[in-house]
Every structure is written in structure tokens, then in C-alpha cells.
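Using the sequences and the accompanying hints, generate a full structural model.
Here the protein sequences line up with chains A and B, keeping their order. At position 140 of the first sequence (counting the first as 1) the number is 140 in my numbering, and the numbers step up by one without a gap. At position 155 of the second sequence (counting the first as 1) the number is 155 in my numbering, and the numbers step up by one without a gap.
Incorrect hints may appear among the rest.
Residues of chain A clear of chain B, computed beta-carbon distances all greater than 10 Å [to be verified]:
id	residue
1	K6
2	I7
3	P32
4	A42
5	M130
6	S213
Below, computed lysine to any residue pairings styled on SDA-like, alpha-carbon distance capped at 20 Å [claimed, not checked]:
id	chain 1	residue 1	chain 2	residue 2
7	B	K234	A	A156
8	A	K2	B	M302
9	A	K6	B	M302
10	B	K234	A	L177
11	B	K234	A	N148
12	A	K175	B	M302
13	B	K234	A	K6
14	A	K6	B	G312
15	A	K10	B	V308
16	A	K10	B	P572
17	A	K10	B	L199
18	A	K175	B	P113
19	A	K10	B	I309
20	A	K10	B	N352
21	B	K234	A	Y140
22	A	K2	B	L190
23	A	K6	B	P584
24	A	K10	B	A392
25	B	K234	A	K10
26	A	K10	B	M302
27	A	K6	B	I309
28	A	K6	B	F114
29	A	K10	B	S557
30	A	K2	B	G312
31	A	K10	B	P584
32	A	K10	B	P113
33	A	K2	B	F114
34	A	K6	B	S557
35	A	K10	B	F114
36	B	K234	A	Y152
37	B	K234	B	L199
38	A	K2	B	V308
39	A	K2	B	N352
Rather than coming from a laboratory, the hints here were simulated on the basis of the structure. In this text, all values refer to a predicted model and were calculated from it rather than measured experimentally. Glycine residues also receive a C-beta, built at the ideal position from the N, C-alpha and C atoms.
Each chain is listed here by its residues.
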Amino acid sequence: MKFLEKISEKPWQQIGPADGAALIERMPQTPPARVALRFFLAVVSVLFLLITITFLSRSQVADFQALAGAPWQPLTDPSRLWVNTGLLLLSSIAIQVAAYSAVRDRSAPTAWALGIATFTAALFLVGQLMVWRDLVALGYFVSSNPANSYFYLYTAIHGVHLLGGLIALTLVTRKVLAGGAIRSLGPGLSLCATYWHYLFALWLALFALLTSSPETYRLIAQLCGF
Amino acid sequence: MNHTPIADQQEGLHHPRSFLTKYIWSQDHKVIAIQYAATAIFVGLIAVVLSGLMRLQLGFPGSFDFINPSSYYQFVTMHGMIMVVYLLTALFLGGFGNYLIPLMIGTRDMVFPFLNMLSYWFYLVSVLILLASFFVPGGPTGAGWTLYPPQAILAGTPGTDWGIVLMLVSLAVFIVAFTMGGLNYVTTVLQARTRGMTLMRMPLTIWGIFTATVLGLLAFPALLVSAIMMLFDKLLGSSFFMPAIISMGEQLEHSGGSPVLFQHLFWFFGHPEVYIVALPAFGLVSDIIATHARKNIFGYRMMVWAIVIIGGLSFIVWAHHMYVSGMNPYFGFFFATTTLIIAVPTALKVYNWVLTLWQGNIHLTVPMLFAIGFIFTFIHGGLTGLFLGNVAVDLPLSDTYFVVGHFHMVMGVSPVLVIFAAVYHWFPKVSGLRFNEALGKWHFWITFLGAYAVFLPMHYLGFLGVPRRYYAMGDTAFLPDSAAGLNASITVAAIIVGVAQLFFIANIFLSLKRREVSDPNPWGCTTLEWQTPENPPAHGNWGEKLPVVYRWAYDFSVPGARWDFIPQNVAPEQVEWADRSLAPADHLPRHTGTENQSPDETDSSKTV
Numbered sequence: 001m002k003f004l005e006k007i008s009e010k011p012w013q014q015i016g017p018a019d020g021a022a023l024i025e026r027m028p029q030t031p032p033a034r035v036a037l038r039f040f041l042a043v044v045s046v047l048f049l050l051i052t053i054t055f056l057s058r059s060q061v062a063d064f065q066a067l068a069g070a071p072w073q074p075l076t077d078p079s080r081l082w083v084n085t086g087l088l089l090l091s092s093i094a095i096q097v098a099a100y101s102a103v104r105d106r107s108a109p110t111a112w113a114l115g116i117a118t119f120t121a122a123l124f125l126v127g128q129l130m131v132w133r134d135l136v137a138l139g140y141f142v143s144s145n146p147a148n149s150y151f152y153l154y155t156a157i158h159g160v161h162l163l164g165g166l167i168a169l170t171l172v173t174r175k176v177l178a179g180g181a182i183r184s185l186g187p188g189l190s191l192c193a194t195y196w197h198y199l200f201a202l203w204l205a206l207f208a209l210l211t212s213s214p215e216t217y218r219l220i221a222q223l224c225g226f
Numbered sequence: 001m002n003h004t005p006i007a008d009q010q011e012g013l014h015h016p017r018s019f020l021t022k023y024i025w026s027q028d029h030k031v032i033a034i035q036y037a038a039t040a041i042f043v044g045l046i047a048v049v050l051s052g053l054m055r056l057q058l059g060f061p062g063s064f065d066f067i068n069p070s071s072y073y074q075f076v077t078m079h080g081m082i083m084v085v086y087l088l089t090a091l092f093l094g095g096f097g098n099y100l101i102p103l104m105i106g107t108r109d110m111v112f113p114f115l116n117m118l119s120y121w122f123y124l125v126s127v128l129i130l131l132a133s134f135f136v137p138g139g140p141t142g143a144g145w146t147l148y149p150p151q152a153i154l155a156g157t158p159g160t161d162w163g164i165v166l167m168l169v170s171l172a173v174f175i176v177a178f179t180m181g182g183l184n185y186v187t188t189v190l191q192a193r194t195r196g197m198t199l200m201r202m203p204l205t206i207w208g209i210f211t212a213t214v215l216g217l218l219a220f221p222a223l224l225v226s227a228i229m230m231l232f233d234k235l236l237g238s239s240f241f242m243p244a245i246i247s248m249g250e251q252l253e254h255s256g257g258s259p260v261l262f263q264h265l266f267w268f269f270g271h272p273e274v275y276i277v278a279l280p281a282f283g284l285v286s287d288i289i290a291t292h293a294r295k296n297i298f299g300y301r302m303m304v305w306a307i308v309i310i311g312g313l314s315f316i317v318w319a320h321h322m323y324v325s326g327m328n329p330y331f332g333f334f335f336a337t338t339t340l341i342i343a344v345p346t347a348l349k350v351y352n353w354v355l356t357l358w359q360g361n362i363h364l365t366v367p368m369l370f371a372i373g374f375i376f377t378f379i380h381g382g383l384t385g386l387f388l389g390n391v392a393v394d395l396p397l398s399d400t401y402f403v404v405g406h407f408h409m410v411m412g413v414s415p416v417l418v419i420f421a422a423v424y425h426w427f428p429k430v431s432g433l434r435f436n437e438a439l440g441k442w443h444f445w446i447t448f449l450g451a452y453a454v455f456l457p458m459h460y461l462g463f464l465g466v467p468r469r470y471y472a473m474g475d476t477a478f479l480p481d482s483a484a485g486l487n488a489s490i491t492v493a494a495i496i497v498g499v500a501q502l503f504f505i506a507n508i509f510l511s512l513k514r515r516e517v518s519d520p521n522p523w524g525c526t527t528l529e530w531q532t533p534e535n536p537p538a539h540g541n542w543g544e545k546l547p548v549v550y551r552w553a554y555d556f557s558v559p560g561a562r563w564d565f566i567p568q569n570v571a572p573e574q575v576e577w578a579d580r581s582l583a584p585a586d587h588l589p590r591h592t593g594t595e596n597q598s599p600d601e602t603d604s605s606k607t608v
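Next up, the structure:
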């Protein structure tokens, strides 16, 4: 609503510093990086939303064989994916602890938490690769079925985003390695934490989607009008 | 609260210390803007040459041995994609966006200068990947700029080995580049405006660029998704878009994919893309028209709202590009309706430009000529859009030259005219130099009249039923001989227009050679970029202190004021009054310049 109020101003009637200068001073000073992160998360959300729309549409074609639902399907027992989910959750918690500790200038907990966050995130990626390997070993190749194609597509794009997050995390922590104060890590780690939580929530949604049964897909597709 | 405004934060400013950091690996938004613009114009010239080659074939079929059906389709594809994505998007947002956002909102640079630099280099890489496809076996893809599957990746289409892969990878890299730049533009506009620069005091240029960037951030993912999924189909054999198909007598492995799904994704990007190009053009042309008509823009608030509404609506009209692909009739009705609705705010903008000109003190400068030319071509292209937005009219016209005429008028010629208007308008700011007016006017008239000579007859060809995308008509019984004659005349006009662009290039180089120093504010502009302490602006833009904004961007010909413009950073008590009785009570006069003249009537230039 604030935006609507702002674009209802009549600028030709407002001359002088009283209006304009004061308006800028009153603006909440959200760090630019957080604003940019919000926009970036919106971009990533659109990306996954669009893939999901195509997924739901494609799932209604006869040749689509869901990866879960029947006892012989590989993701009917998703225990490997649960382990990976646990790793990503641990990573998400650890990075939050790191951000919390950094703001309070506690170097040891920050370093530990950062180490755990990075390690578990990397393990998550390795875990996903192992799931790929298992699928390939069972004969579930990218091209064998559209459900497989989507599994590889989703997990690859999600993984690339996590990899990008790890690069960003490295850039943030570089400051401390260069001799900066632990406290200076706070804002950067807080952004990384937001990104991590987002990727974790996104993974939960993907996990639920990819391990659902054909009946669930049919229901969602019908609700969406496909 | 006492704080350093984000606009004034200097820690992100990397002061260049060597030639490399000043001109190559620069993080200064102005240098990056010039890098973007130069690259975009370079690649755009390649696309102009490609269009000339296409026209040679269409005007004089079979006369040129070096053009065969494959190369013709490759020219069509590369021309379209380069023009839409690598020239127009990059030039409006990467070029003008980079240069103007920080200067017009009164900040020292983009909020993330390093990311901004990366954005340009990723863009350059995407261009190089695209151009590399000319040199790989099989050449670039000839799938048409929309890259529709299944033919885009099937044997028989030119460039299916390497060309299509390079095109898709190049697009993916471009989108990464755009996202880095786009995040910068929106964050800078939202967070780094100088004191007094409220949203509604921003010039329309910034509104156009800002909204277009938001559209780009939300629309380009659709193209990215299409590109990645098509790469999966092509390289990994998946069937996202590929149906069961027999190609060259062989049953392929694909099955069940939907080519129409690709079209939906593509146009979910493709239609907002039209406005990603158009909205910055609307903004730039609004500021140019107001400045050169010495009159405040008519209906500023409406103009802002129209930009925002057009931006929103642009996401729900995409399927009007797909009427001939087949869809539920209710869908056709829905998309036809939204298409007609989006014409309302668009028409409102056109009325406001015309009403701004109405009784204005119109100066027919080179930028103004191009801006007025834009109004003509945009009305023309917009009206034919109303025809094509209706399903029943679109069906017979969709695959004809009527569509080619329409989209070139609305999305080719119109934004390009604005680009020229804007380059001529801001050239004295960017370079600090004057350009040759006479050469500029020759450039305008040949381009403007030539564009009509090229694209107006195409509408007629479309009505005759001349199909687009055809390499040659052969002996087509229903086409009269005059169609061939018209095609030949279009080709001659197109080549003349193409060659006339050398006037523009020559003008820039001659100006750089002659070095006639321009007045710092030769057009009498109100916006902040013309009020910098140095011309062209130095690194950091504003010297010691940031400007403070006291008014909107359109205080032209204020009654009683001595000058016919009052810059945004002039405080009420600093305004000079010719007739004090008209001055508001809180405005105190102070003398700073010569009387009764707009600066473009003075000649303060000198040669160094």
C-alpha cells in the first residue's frame, strides 16, 4: 500500500526540500544487498515455478512414469533423499548459528558453525550425486522417461544454486581470512542464511513433488486446470 | 537519524588506478555503459548486414550464389535474435540503464559495481559464443528466432549440430549477465536515490528502465527454462518438447513431449520482452519530448501508472503470439481481450506525448526529430497490433508479411528511433562534445522515410497473402507480378537505410575527431545528469557533495521564471524570476545567468 501511496503523489505541487528530503530520510535503510537478494529469490522462484508448471503438464501424458507410488519405483523408499534433506537442514541451522555468533563477535562458534554449514552443504551435493549414480545403476537414465528427466533437471538446477551459494559464502568469509573482524561477517552471513533457508524450503517442495504418486500429480494437475 | 545515504557511500567505489581498471576492467557505471553500448551496436551492425543479405534474396531471388535456403534461414534467425536480445535489450538496459540510473537519481555509482562489471563481461561472453556459431561446422542455427522445437533440433534444419547448442548456451549466459545487471538496476533505484529524489520525482526514463528491469527479471527465467530443457532434449535425449517423430525416414527415440509447451514458455518470456524494450524507450522518449518541447510532460502520474500497468499486463497476453498454434477458443478470447486492454495504457501514453507537443515551444533538434518520428512509427505499429490481437483477423494474417511489417514498425523501427534520439540527446553529456546537426538530420530523414519505404509495403504484401519465412516464392499463382516488384523496391530501400546508418557512425567518429566542446547542458535539461560539476561526469559523478532534489523533473517554462527550465537541484530560493509577481511566496530570486534564452539558442561551444 505504501507503494500505492507513493505513486499517488503529485510531484508538480511539491517543491522544496521539506517534502523530498524528508521522504528519503524516512526510508527504511534496508541494506541494498538484502533488497537484491529478495529480487534474486523472486527470480529463482519464477524459474522453479515455470519448470513445475511444465512438470505438471507433462505428468499427464501417458508415457510419464512417476518415480514413486509403486513398490518397484526407486523413490517409493526415499530414505537416501531423507538423509540428504537432513544434511541440508543441518547446514541451514549451522549457517544461522554462524550468522548469530558473528553478530555477537564470537569467533570460535562462528568458525565451527561455518565449517559445519559448508561441510554439510557439500555433503548434500555429494549425496545428490550418489542418488543420481544409484538411479543410473538401476537403469533410470535422463532420457528413459520424462519423470527421470525432471528429477535430474530439478536436482541439477537446485544443486547449481547451492553451489553458487557456497561460492558466495567463500567470498563472505574471505574478509575474515584477510584479517577482518568476525563481527564484519554478520551482514553477509545473514544474507547467506536467508539464501540457505530458501534453498532448504525449495528442496522440501521439490522432494515432496518428486516423490509423489501419479494420483497426486493428477489431482494437482486437475486443480490447476491441466 | 544521522547517516550516510546509500547514494553517497564511497566504500564500493573502486577508484581506477591504471588504464586497465579505468577502461577495461572498469567498475564505473559510465564506462560499463559505454562498453555495453559499443558491443551492442557492433553486434547490431552485424544484424543489419544479415537483414541486407536476406533482402537481397527476397528482392532478387536466385541472383546471389552465396545465399542458399540454409544460409537464408540462418540470416533470419541470427538477425532476429541479435536485434531483440543482444542489441535492444542490452543497449536499453545495459547501455542507457547503466549510464543514466546513477546520474539521474543522484548517486555515485550502482550499488554493486563489481557485479555490474561482471554483468558486462558475461554479456560479452554471450555475444562471443553467439558469434562463434558462424565459424562452427554447419554454421549458426536456422531455426527462426523463436527456436521452435521440434525442427530447431532436428536434422535438416541448418545448424542442428553446433549452432543451436551455441545459441542456447549463449542465451543462458546472457540471462545470467542480465540478472546480475538487473539486480543492480532495481536495487540502485530503490535504495540509492539522493536526498529529495522521491519515486514520483524520478524522470520517466528511470521509471521505464526500472519497470522493464523488473519485467526482465521475472520473464527471462522462462527463456532460461526453455533453453535448458531444449539443451536436455538435444544433448541428453530427453523428451520435454519433442514428440514421437519420424525424421529422415527414421523413428526417433523421443516421445510424448509437447512443442506447444515450448511456445508457451518462449512467449511467456517473449511478450514481456517486447515491453522490456518498449518501456525504456517510452521513458527516454518522454524526457526527450518534454525537453525539446520546453514543456512539462502531460499527465506525469498517468505516464507512471501506465508504465506500471503495461508492465503487469504484459505477463497475461503472451498467447496472442500463438493463435495459429491452436488453443481452446476461450483462451483465444481471453488473450484477445487482455491484448486489447493493454492497448489502453499504451494509447494513453501516445496521447500524452502528443499533448505534450501541443502548444509546446518545439525545437526541431535531431533528438526531437527522431522522437517525433517514433510517435509516428509507434502509432502505426500499435494500430496494426490491434488487428493482429484479434483471433479472427490474426489467423489469415499471421503467417504473412503483415506480421513482419507490424512487428518491425512497433518493435524494430520504433525503439531504434528512440535509441538514435537518445544517443544524439545524451551524446554531449557522455562525450562532452557536440555532434554535427546536419549529418544527424540527414540520418533522420533517410532512416525515417526509408523505414516507411521498407515496412509499409509489407502490410500490403501481407494482405496479398505473401507468406513470411519463405526463401523463395517460385511460381505462386495467386501472387501478382507487382508483389515481386514491391519486394525489389523494399530491398533497394532497405539497403539505402542500412547504408545511411554510416552517417550515424561517421557523426560519432567525426565528433570525437573534431572535439568541439559542448555546453554542459546544451538542451536546457532539468534532470540531474546535466547538472554534474564536470562534463562528462568524472568518476563518482558529483564531486564533494551529492545533489539535493527540490522538485520534479519537468519544471519547463514555469510562469514568471526567467529561464524556461528549472533543474531538479535548484532550491526554491535560488530560482530567478523575470516576473516576481508570479513567484510563490517561499521563492526568493537570485541571479545566475542570461535572460530570456533557452541554452540551446546560445552558442557557448568552443574548439580545443
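So, going through the hints one by one against the coordinates:
Against chain B, the non-interface label of K6/A is violated: not every CB pair exceeds 10 Å, the least being about 5 Å. Remark: the non-interface label on I7/A conflicts with the geometry, its nearest Cβ contact in chain B lying 6 Å away (cut-off 10 Å). Separation of P32/A from chain B is inadequate, the least Cβ-Cβ distance of about 4 Å not exceeding the 10 Å criterion. Annotated as non-interface, A42/A brings its C-beta within 10 Å of a C-beta of chain B; the closest such distance is 7 Å.
M130/A, annotated as away from the interface, keeps every beta carbon of chain B farther than 10 Å; the closest lies near 20 Å. The Cβ of S213/A lies farther than 10 Å from every Cβ of chain B, with a closest approach of about 19 Å, so its non-interface assignment holds. At most 20 Å may separate the alpha-carbon atoms for a hinted pair to count; K234/B and A156/A meet this at roughly 17 Å. The suggested pairing of K2/A with M302/B holds, with an alpha-carbon distance near 18 Å, which does not exceed 20 Å.
For the hint pairing K6/A with M302/B, the CA-to-CA distance comes to about 14 Å; that is within 20 Å, so the pair holds. In summary, the hint linking K234/B to L177/A is not supported, as the alpha carbons are separated by about 44 Å, beyond the 20 Å threshold. Simply put, K234/B and N148/A have alpha-carbon atoms about 16 Å apart, close enough for the 20 Å limit, and the pair holds. Under the criterion of a C-alpha separation no larger than 20 Å, the hint pairing K175/A with M302/B is inconsistent with the structure, at around 47 Å.
In summary, the hint linking K234/B to K6/A is not supported, as the alpha carbons are separated by about 49 Å, beyond the 20 Å threshold. Of the pairs offered as hints, the one joining K6/A and G312/B holds, with about 18 Å between alpha carbons and a cut-off of 20 Å not exceeded. As the CA atoms of K10/A and V308/B are separated by approximately 17 Å, the hinted pair is consistent with the 20 Å bound. Taken as a hint, the K10/A and P572/B pair is honoured in the structure, with Cα atoms around 17 Å apart against an allowance of 20 Å.
As the CA atoms of K10/A and L199/B are separated by approximately 11 Å, the hinted pair is consistent with the 20 Å bound. A threshold of 20 Å between alpha carbons decides the hint, and for K175/A with P113/B the separation of about 18 Å falls inside it, so the pair holds. Restraint check for K10/A and I309/B: satisfied, since their Cα atoms lie roughly 18 Å apart, inside the 20 Å limit. Distance hint between K10/A and N352/B is fulfilled; the C-alpha atoms sit about 17 Å from each other, no more than 20 Å.
The hinted pair formed by K234/B and Y140/A meets the criterion: a straight-line CA distance of about 18 Å does not exceed 20 Å. A distance of roughly 13 Å separates the Cα atoms of K2/A and L190/B; the hinted pair therefore holds under the 20 Å criterion. Between K6/A and P584/B the CA atoms are separated by roughly 25 Å; this puts the pair beyond 20 Å, and the hint is violated. Taken as a hint, the K10/A and A392/B pair is broken in the structure, with Cα atoms around 43 Å apart against an allowance of 20 Å.
For a cut-off of 20 Å, the pair hint linking K234/B to K10/A is broken: about 54 Å separates their Cα positions. Between K10/A and M302/B the CA atoms are separated by roughly 11 Å; this keeps the pair inside 20 Å, and the hint holds. Only pairs whose Cα atoms come within 20 Å are accepted, and K6/A paired with I309/B is accepted, the gap being roughly 15 Å. For the given pair, K6/A sits about 31 Å from F114/B by alpha-carbon distance, which is inconsistent with the 20 Å threshold.
Among the hinted pairs, K10/A with S557/B is consistent with the structure: their alpha-carbon atoms are about 18 Å apart, no more than 20 Å. Between K2/A and G312/B the CA atoms are separated by roughly 18 Å; this keeps the pair inside 20 Å, and the hint holds. A threshold of 20 Å between alpha carbons decides the hint, and for K10/A with P584/B the separation of about 17 Å falls inside it, so the pair holds. With a CA separation close to 33 Å, the supplied pair K10/A and P113/B exceeds the 20 Å bound.
For the proposed pair K2/A and F114/B, the alpha carbon gap of about 31 Å is over 20 Å, so the pair is violated. Under the criterion of a C-alpha separation no larger than 20 Å, the hint pairing K6/A with S557/B is inconsistent with the structure, at around 26 Å. The hinted pair formed by K10/A and F114/B fails the criterion: a straight-line CA distance of about 36 Å is larger than 20 Å. Only pairs whose Cα atoms come within 20 Å are accepted, and K234/B paired with Y152/A is accepted, the gap being roughly 15 Å.
Between K234/B and L199/B, the direct Cα distance comes to roughly 46 Å. Violation of the 20 Å bound is thereby established for this hinted pair. Taking the CA atoms of K2/A and V308/B, the gap is near 15 Å; set against the 20 Å cutoff, the hint holds. Note on K2/A and N352/B: the hinted pairing is violated, with a Cα-Cα distance of about 26 Å set against a maximum of 20 Å.
The structure does not agree with the numbered hints 1, 2, 3, 4, 10, 12, 13, 23, 24, 25, 28, 32, 33, 34, 35, 37 and 39 stated previously, though it agrees with the rest.
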